[in-house]
Every structure is written in structure tokens, then in C-alpha cells.
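Q: Read off the chains here:
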Amino acid sequence: MAPPSIVRSALSVFFEYDTPRIVHIRSKKVGVINRFLQLAIISYVIGFAIIYKKGYQDFDDVNSAVTTKLKGVALTNLTDQGINGTRVWDVADYVIPPQENNAFFVMTNVIVTPGQQQDTCLESPSVPDGICSAEKPCVPDTPVINGNGVKTGACKPSPRNSSIEVCEIYAWCPVEKDDKPSKPVLLASQNFTVFIKNNIEFGKFGVKRRNLIGFDNDSELANCRFDANDKLNRFCPIFILSEIVESTGQDYYNLALSGGVIQILIQWNCNLDYSVEDCVPEYQFRRLDSNDYKLAKGFNFRYAEPYLEDGVKKRTLIKAYGIRFIVTVEGKAGKFNFVPLFLNIGSGLALLSIATIVCDIVVLYFLKARKFFKEKKYLDVKGADAYEMFDSMKQSAEYESTGQTKPK
Amino acid sequence: MAPPSIVRSALSVFFEYDTPRIVHIRSKKVGVINRFLQLAIISYVIGFAIIYKKGYQDFDDVNSAVTTKLKGVALTNLTDQGINGTRVWDVADYVIPPQENNAFFVMTNVIVTPGQQQDTCLESPSVPDGICSAEKPCVPDTPVINGNGVKTGACKPSPRNSSIEVCEIYAWCPVEKDDKPSKPVLLASQNFTVFIKNNIEFGKFGVKRRNLIGFDNDSELANCRFDANDKLNRFCPIFILSEIVESTGQDYYNLALSGGVIQILIQWNCNLDYSVEDCVPEYQFRRLDSNDYKLAKGFNFRYAEPYLEDGVKKRTLIKAYGIRFIVTVEGKAGKFNFVPLFLNIGSGLALLSIATIVCDIVVLYFLKARKFFKEKKYLDVKGADAYEMFDSMKQSAEYESTGQTKPK
Amino acid sequence: MAPPSIVRSALSVFFEYDTPRIVHIRSKKVGVINRFLQLAIISYVIGFAIIYKKGYQDFDDVNSAVTTKLKGVALTNLTDQGINGTRVWDVADYVIPPQENNAFFVMTNVIVTPGQQQDTCLESPSVPDGICSAEKPCVPDTPVINGNGVKTGACKPSPRNSSIEVCEIYAWCPVEKDDKPSKPVLLASQNFTVFIKNNIEFGKFGVKRRNLIGFDNDSELANCRFDANDKLNRFCPIFILSEIVESTGQDYYNLALSGGVIQILIQWNCNLDYSVEDCVPEYQFRRLDSNDYKLAKGFNFRYAEPYLEDGVKKRTLIKAYGIRFIVTVEGKAGKFNFVPLFLNIGSGLALLSIATIVCDIVVLYFLKARKFFKEKKYLDVKGADAYEMFDSMKQSAEYESTGQTKPK
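Protein chains in written order, with full-length UniProt numbering: chain A, 1 to 408; chain B, 1 to 408; chain C, 1 to 408.
Because the hints were derived from the structure by calculation, they are not lab data.
Check the hints yourself; a few may be wrong.
[Said to hold, decoys possible] What follows is a set of in silico ranges between Cβ atoms, one per label pair, in the way DEER data are often shown:
hint: 1; chain 1: A; residue 1: 204; chain 2: C; residue 2: 136; range: 48 to 54 angstroms
hint: 2; chain 1: C; residue 1: 330; chain 2: B; residue 2: 271; range: 42 to 48 angstroms
hint: 3; chain 1: A; residue 1: 77; chain 2: B; residue 2: 139; range: 36 to 42 angstroms
hint: 4; chain 1: B; residue 1: 177; chain 2: C; residue 2: 85; range: 41 to 47 angstroms
hint: 5; chain 1: C; residue 1: 77; chain 2: A; residue 2: 204; range: 57 to 63 angstroms
hint: 6; chain 1: B; residue 1: 84; chain 2: C; residue 2: 140; range: 17 to 23 angstroms
hint: 7; chain 1: C; residue 1: 133; chain 2: B; residue 2: 84; range: 31 to 37 angstroms
hint: 8; chain 1: A; residue 1: 365; chain 2: B; residue 2: 271; range: 49 to 55 angstroms
hint: 9; chain 1: A; residue 1: 128; chain 2: C; residue 2: 203; range: 50 to 56 angstroms
hint: 10; chain 1: C; residue 1: 160; chain 2: A; residue 2: 119; range: 33 to 39 angstroms
hint: 11; chain 1: B; residue 1: 358; chain 2: A; residue 2: 204; range: 28 to 34 angstroms
hint: 12; chain 1: A; residue 1: 157; chain 2: C; residue 2: 254; range: 43 to 49 angstroms
hint: 13; chain 1: C; residue 1: 51; chain 2: B; residue 2: 358; range: 48 to 54 angstroms
[Stated by the list, open to error] EDC-like mimics (lysine to aspartate or glutamate), calculated; alpha carbons at most 16 angstroms apart, straight line:
hint: 14; chain 1: C; residue 1: 313; chain 2: A; residue 2: 310
hint: 15; chain 1: C; residue 1: 156; chain 2: C; residue 2: 168
hint: 16; chain 1: A; residue 1: 28; chain 2: B; residue 2: 176
All C-beta atoms, glycine included, are put in the ideal place defined by N, C-alpha and C.
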């Protein structure tokens, strides 16, 4: 046969195709195992990875902006706390700080300590380290641990509880009476509303949406209230605080008393293979700080409003209990794309080899006809090492007979 | 043949190698399909997964800290709002709250209501629920919906609009005149600058960088201004607010009037196979709250500055319109690593089996020579079930002939 | 042979099983390469992907809520800054803003400028753009760049530094003396404590935990202090600020002087195959804003406390240096699940084909016996194109001989 030219040989590469040789075994036992495994794998790949997990789609994560606006006023009476008269609380009073990123705080209970000024006074008897006696004197210039000031060194009977003596301290005086009101001062906050404006974008697909869906004018919008079960109002972005809290399974009264953390989860799960109009938000609410524990319950913090009275710097100290709402926006948009589909099919085919491997184990080790099948499946080639050796010998012989030097 | 010892048999396992037997088909039709599919898959794996997606690199996400500092003063004249004289606004006036995590707010427009105190006064006629008449009386002790206070029950002619009657309310009085100024009060904020300090770290690779690149001293740094098109100043971390806004395609005047949310995206995409000096930030700006809608545009909130005047607690209520800037730091660093490269090649090879499967389908079902190829590819083994049965019979016979009991 | 019915043929599909035919090559060279590669791949899959990376588990990310509460008081003496007497700073003074999401700020150093009011005064001589002369006059109504006010146009000798002239400005007067105190005013903040309450949830597995582990009552909790090396106190959620800072390798004094950003990382890595009691937090601390640079070090911001004195609006301007603590919660919970195990085994098997491919290359291109093995592995089938042609001819002939028209 004439040797093929290099060109023909190179071209022929494009007209070749290799496929494995297969033993086609007709066996009831192994066939059933094989088909069952294949079915399970194909079901998993098609049913779970491709259809359920949308393996045919390319995904993008949401990019979001949230702004919130509270509305509502509450009338309180703080005579329990020694403050005369009623007081109106509006949004500038009970939202602290006035704006936060993806969060807002609503004060629901309060301990007000007005008229504090820099002075010396007696520590509160409720602070353990502030209690003193002849055996446990007050060390001057050391702070009271978990207390309100720095000790002057004096130890005097407490006016609030005359049976014990407390340290005198440098502090904002008088110190706070840390008795949580027996009922939430701002219980009326349950009727406050919050307008949550959420703009989102799926940058990869150029889709922008916001959570005002189906409202035509500002007055229609201003008067709606969110209702998960109503066809239109489940897209209303105005929420009543008590309804948010109650849909987490919590009691507003108890939450308002001690404070807590509530998550407002806005989910945008959009299948952009359908109309973009179907890309709508879903709201979920849950309490993040569990109430199942006895220790360290609730949420509160202190802040002060400084002022000047008769040339003296004073401040109103406010211990604010309340609900911190955290707005979390999650979302994923999917759109058909050939690449992920192809990858999922490819990895599905790779998984199919598991069926063959399991069946091979059954056939070659557990069936009585194992020797018979082994002969059919395997072609045993033993000559390799001998061939190598023989070939070396032959080459040496050739070089010798032709008188050439064997190349290194 | 002598049976091999166990040791020899165990050792021989290490000198074996199994490889599938292949049918090498020389066919123009199938060969072309086969090579084309293989080429497509290899192009995808090498070109997309390995080169484009840097499948040969191990990745780490960025860990970042952002601090911001604003500079600038603005002179305003609030005589429109009944407040005398000019006023200077500095950073402590227009940044609220004074520091936030990964965000800052700049006030650009304002409605100031000075001298509010706890009192009874008339609701603003612009609140629908505050309007009353003989048919629609004011229910005492109920809050005005979306209003400023709690109704006392009285209904009086509004001094602001004498043709209608409004409810008297307990509130911070006088109530705010909610007329947005016709032009942004703090338009001068467009010349304010913000210094964004961003330290990042790729922990896995021990790389720390920050966004001050190429500046030798504080004065050089203080005088630079960001310019995306300038070789040096594209690394200047001091931004003019109007330039941020304009590079999002928005008009500063309109944004300042109603407020909005702007994202400052800092991207650190670093290929650590090159010099770490090439690991530099890239800045992008975009408006997050879309302006394409008519309803509920802009961003504003209210806060109060309390003070004491002649023994009476008063406050200045401020409705602040402005721009909330959100600083988002994204980043990924990659460095060559054998494991991901190996995994990508492995999954690429798995994908190659798709070419064989497609060609097998063509060869076995569509070619006219399908029977011919089937014979070559498949070795049909039918005897399995019969062999099993025969083997059982033979064993039973053996047990019977030797008189032994068949084991269970 | 009778043709099988369609039903029997369909059923027979379930009793079939295809397995590749294999050449079993006994060669020391290739066998060793083969087994070594297989061992490496299997070690990687089992050791790294399945055992080390817990490839047999399904994972869920943590959902978290963090609240923080600071305790501690400090006594300061600001006579350096021209302010008489000692002053107590408590939590309402040094935490600004009073609450933040996943972060808190503690003031450690301060420049107080009391008694500012809207007026005209001279710019600070430390602002370059505020310095004027006959050649560089003050342009009226332009703001001083990086300065405190808007120029009136006048240029007068600076009282603070009489050798230079500065512009007169409309500003909050007097302007701040921006001289950082030589030592941190609130160095006592090192003894402050922060109680970090962290509730987490792994929603997929229904597991809720919080970082108060092993404490039975509020007093035990209130008195513990975090200690990473103590069996019980490594779960104490009360941290001393100086210990947080020192465990990042930083010096509290220097950090307090200029300010900085510290990350408190809480990691919940839980293996839910074991007891849920073993799901405990781990704390890490690190400084986020690197201290290795000379430019723009530290963290500070300005805020104001407005008040009314004798009918004049005044404010106290506070430049606050301090430490911003950012609390980051990371976590992953894993639980045994068949699907990821199965997927990892599947992709491991796919990788095994790499060993066969490498050995095939050795056998078919590098061994001397390559022709011998090629013959065993490959069955060369050339007739395909001829068969196709022949078949077409035969069909044409048949149609002709029967007088039928060849179908299109």
C-alpha cells in the first residue's frame, strides 16, 4: 500500500469518529437495576436540576434601594414618670436616628429623665457596684461598674431606698430611675404606618421595577394598606406596624414593652421568560431576636437632647425601647440561556456513568455468570512488557547488523 | 497453569490499566459532525470557562471598610419660609446622621418650621383627614390620618385657607407648611466634595490596598478632584457631588429639589498573577431610585432640634430633602491555582461525551449503514439469564449427587 | 425466526444493559501511571471535596440580628480647649448615632467648640484657601475651599497668627480651632464594655441560636467578660473595648487618638450532624482601615448640638474622633444530604476519565508497542461512505426494476 501524503492524512482527521465498543447484555436482573438507576439519575437531572432549579436559566441578583417613611402621632401621659401633662409624639420624636439605610427604629416605650446636669449626686440603688458600706467603701475617681458616673468617694444613704447606702458620683444628675413602665407608653404606635419604597434593578437583563404596582395616583396610594390576602393591596407598600408584628406571630403589646428586632423581607423572584409584569415583590415578616429566652430580652438604647436653661447646660435623657425594623431585599431573576442548560445536560450525562459502574460491579462480582461476562467485556492483553523488551532487543540487533551506532 | 499467589495477584493490580475498546469509524458525514461538536465544546471550555472566566484561578472576595468626609459650606436665604436673614450651613448641619456605615446623606432642600411647641392648633388644610364640616365632625382623641396631631374635637375655619374648616389638634404647633420650595434651598451643595476612604483586603492572598493611589502628601491629596478620564485623578478619592450626580445622567437641580438615592460603586477586580500595583479601584455611579415614575418621587425625612426658650420646650422641625449616597464595595481577586484548572478540564472532558452521544445517535439511527455499524459497535450477549438458570440447576445437581444439603 | 411483537420488543428494553468493552492491558509502565493518577484523583475527591469541604452536606447561610449596648462613664478635663471644669461622658454622649445597624461608634477623642452662632468672623489660618493678601483678595460670596464659611470680601490679620491675613467669612463663629489634642481626651473609653447580642437562624434546618451560651441568670451574665482562652468566658458576649483593640494587634492609645475602624467578626460554623449544642460562635477582631499609610489616617466626623441662649441660636460643634466597630456575622450550617454526596461522587467519576486519557496518550504515542495496542483498542471501520453510496445505488436500482417512482 502506498503511504498516504501528509495532507490526506491531516484531512482524514476531520472525517473520523471514535465511539466505544459496547457489550449489550440481555439480562433481566442487571437490566432492571440499570434502567432503574438511569431513570433515577435522569429524573434528578431533568426534574430537579433543570426544571425545579431552573437549570436552563441564566441568573442575576437584585440591586436594590429602600427608603422608608413613617406616619402617625401618639398622645402620651408621663405623670407616672413625674412629668406633667400630655405630650404629642410625632415622627421627628419617635424615629431615631431620623433615617437609616435599610432599617428604621420606632420608639414604643420610653423612660424620660428631664433636667439632667453635670453635678454630683447619689448613684441609683439598683446598680450593685454603687452600693457601699463601711466594709466596701467608694474608691474615689473610679467609675461605678455598669453605673451612671464616677465615684467621689462619699457613701451616703439612698433617698430612693433608705435602708442602703450608695456612692456619691460625678454624673448627669439626677440619675435615671431605671424602672421600665408597666405598660408601653407609646402603645398607640401600633396604628402607625410605614411606607416602604423599594426600587430594584436586574442589571444583567436591564429590568427595573419598584414595589408600587397597580396604583394610578398619589391619593389612591396614600389610602391603601398592605393586605397579603387582597389581590390589589398585597402590592400596597404602606404597612400598619401592628399588622407587621402580628404576622410574625408576636404580640404587639409585649414587643412594644421591651422592644425587639423585626425583619421585613422583600423577595423579588422573577422569571423573565414570562412577562416582566409578573415580576412582583412578596413580603415576609419575622422576628429576628428570639423571644424564647429569659436573659437580656428586648431592645433599647439611650440618647440625650441637650439644652441650655438659665445659662446651665442640661439635657433630657431618653431611654428608648422600641422595634427596630430591618428591611432586607432578596431577589433573583432568571432568563433562558443555552450555556447553563448545556452544562446541566453535560453534568447529567457524566452522572449516568454511575449506573454503568454499579451494574458492572453486579455483573462482574455478584452474578453467577461473572466469568462469562468478564470474557465478553475484557480483552486481556499481556504482551506489553515482553513486547517492549523484545523491541529493544530487536532494535539493538538491527543497529548491530547495519554497523550503525545506537542513538542515545 | 499454577494458581497465582495472593501477593502476586495483589501486586499485579498496580501494573494493570483498563481502556475502552473503540470503533474507529471513517465516515465523512459523522466525522464532520463529531469534529464540529468537539471543537465547539473545547472552544467553550478553553475560551469561556478557562480563559474568559479565569477558570485557572482561585478567587477571594473583598473585605472592605469605607469612611466618608464631606466638605463645603452653603449660604441660604429662607425669607420665603418666613425666616429672616441669611444662614450658613456647614457639614454638621447638612449631614444627618453625622456618620453612617457605607452611606451618607446630604441635605439639598429644606422646609424649616421654627418655634414649635406642644399646644393645640389647627391642622394644615392640605391633610384630607383634617378637613371637617357639620357632616364630618372631628372625633376627639383620634389621630388625623397622615396628619400632624390628635383631634381635640373642635372644627374651625382654617386661617391658611378660609373657605374650609379644619380640625383643631394637639400637636407641635404651629404645624408645618408642607409647601416644597420651588427651587432647592441648598443648591450650592453641588459644589460640596466628599472624600471616600476605602481600605480593602483580600484575606486569602494577604493583599491589602486602599483607594489613595499615587498621592505623595496630604496637600496633593487635598487638592485633587476625581476625574474618570484623567490618568492620575481617576484614583483621586475626592468627588464633587454634582459630578457624581451628572455622571449618572441625572440633573442636579431636579435631584436636589426632591431628593433621591445614588449608588457609588467601587470595584476592585484584581488579577494577582500580575503586579499588586495593578490592583486599582474603578468607580461607577448610578441612581437607585428610578425617576421614571410619577408617584412618590424623591427622598425626604423629618427631624427636630429641641431647645428651651423662656422655660418652654420648643423645637425646630426640619423636613430635609436630599441625596442619600450609598457606597458599595465589590471586588474579586484571582490567583493561579492548580485545583480549579484541573476541575475545569475535568468537567470539560465530561462535556466531550456529548459529542460522542450525538454522533452515536446519528450513526445508529439515521445513517443507512446503521445495521453495519451496530454490529461493529455492539457485542450482543444473550446467554445471561439461561446461564444463571443452568448454573443453579447444575449446583443443585452437584449437591444432590454428593448427598450434601444445599446451603441456604 | 418469527418477528418479535412490538410489546415484547418494548419490554425487552428494560432487561438490557450496555457496558463498554475494555482492553485490559498488563503493563508495568502504564499500570503505574494509571494507578498513580487514579489515586491522586480519588484522594482529591474523597479527601478534599467530600471530607474536607464536607461534600456530603447540604448548607444554609446564617440569618442574623445584632444589637449592641455600651456601658461605661468617663471623666474629662477640657481646660486645654478653654472649657472649664471636669465633665462626665456617658453612653448618651459618646455613642453617635445612638443606634446603628450592625455597627456602633465610640468617641475616644474630641475637639469641642462651644458657643458658635451665625455671624461673621475670621477664617482659621490653617485653611490654605482662607489666607489672603493684596495679590490674592477674598472674592465675596465664594466659599473657602475646605474651609468653614463663605467669604464676605474683607481680608484682615488673623488674631491666632498675626503674621498672616485671613478672609472674613459668614460662618458659625467662632470657627473651630482644629488642633487635635495631644492625648486622647476619652482614653478612659478603654475600660468601656459592649454587650453584643446576636440571634441567628439557619432557616433551612430550623435551628435558632444566640450568643449567650452557658449563662443561667442576668447577674452572672452582667459580670462576665469575654476571654477567648477561657472555657466559659469565650462565650461571654460582653467585651472590654481595649481588649478588642489589643487583640487586633493595635495600640489603644494611638487608635483612640486618631480614630479607626475595627471589625468584630462573629462566625457560626455549625455541623448539624452533631449536637446543636456544639453550634457556637467564634469571635475574631481586626482593624479594617490599615494603619500602614501616612496620608489621611484615622476616623473622625463633626456634629452639632444646637441650643438657644438669650434668644440667639447657638450650637456646640463637636469634632469626634473615635472607633467605629462593625459587627459582621458570618456562618454556614451543614447537614448530611444524599444529593450533594451523589453529585460529588458523580463529578469525581467524571474526573477519573482524565487518568484514562493520559494513559491512552502514553500507550498510543509513547510506548514502543503502540501499534500492537492500537490494534487491540481500535476496530477500524472504513466501509461507511462506500456503504452509503452502495445503498443509494441499490435503492435506485430496486425502484427502477419494480417500475416505481423513487420517493423524494
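Q: Evaluate each hint against the coordinates.
A: Outcome of the hint check:
Separation of residue 204/A from residue 136/C is about 53 angstroms and conforms to the stated range, judged on CB atoms against 48 to 54 angstroms. Checked against the given bound of 42 to 48 angstroms, the beta carbons of residue 330/C and residue 271/B, roughly 26 angstroms apart, lie outside it. A beta carbon spacing of about 19 angstroms between residue 77/A and residue 139/B contradicts the range 36 to 42 angstroms that was offered as a hint. Range check, residue 177/B to residue 85/C: about 43 angstroms between beta-carbon atoms, so the 41 to 47 angstroms window is met.
At about 59 angstroms, the CB distance of residue 77/C to residue 204/A agrees with the hint of 57 to 63 angstroms. For residue 84/B and residue 140/C, the Cβ-Cβ distance of about 21 angstroms falls inside the hinted range of 17 to 23 angstroms, so the restraint holds. For residue 133/C and residue 84/B, the Cβ-Cβ distance of about 35 angstroms falls inside the hinted range of 31 to 37 angstroms, so the restraint holds. For residue 365/A and residue 271/B, the hinted distance range of 49 to 55 angstroms is satisfied, since their beta carbons lie about 50 angstroms from each other.
A C-beta distance of roughly 39 angstroms is found between residue 128/A and residue 203/C, which places it outside the suggested range of 50 to 56 angstroms. Between residue 160/C and residue 119/A the beta carbons are some 34 angstroms apart, a value that agrees with the proposed interval 33 to 39 angstroms. Checked against the given bound of 28 to 34 angstroms, the beta carbons of residue 358/B and residue 204/A, roughly 30 angstroms apart, stay inside it. At roughly 45 angstroms, the beta-carbon separation of residue 157/A and residue 254/C lies within the given 43 to 49 angstroms, and the hint holds.
Distance hint for residue 51/C and residue 358/B: a CB-CB separation of about 37 angstroms, inconsistent with the stated range 48 to 54 angstroms. Only pairs whose Cα atoms come within 16 angstroms are accepted, and residue 313/C paired with residue 310/A is accepted, the gap being roughly 15 angstroms. Of the supplied pair hints, the one linking residue 156/C and residue 168/C holds, its CA atoms being roughly 7 angstroms apart against a limit of 16 angstroms. Restraint check: the Cα-Cα separation between residue 28/A and residue 176/B comes to about 87 angstroms, which exceeds 16 angstroms; the hinted pair is violated.
The structure shown violates the earlier hints numbered 2, 3, 9, 13, 16.
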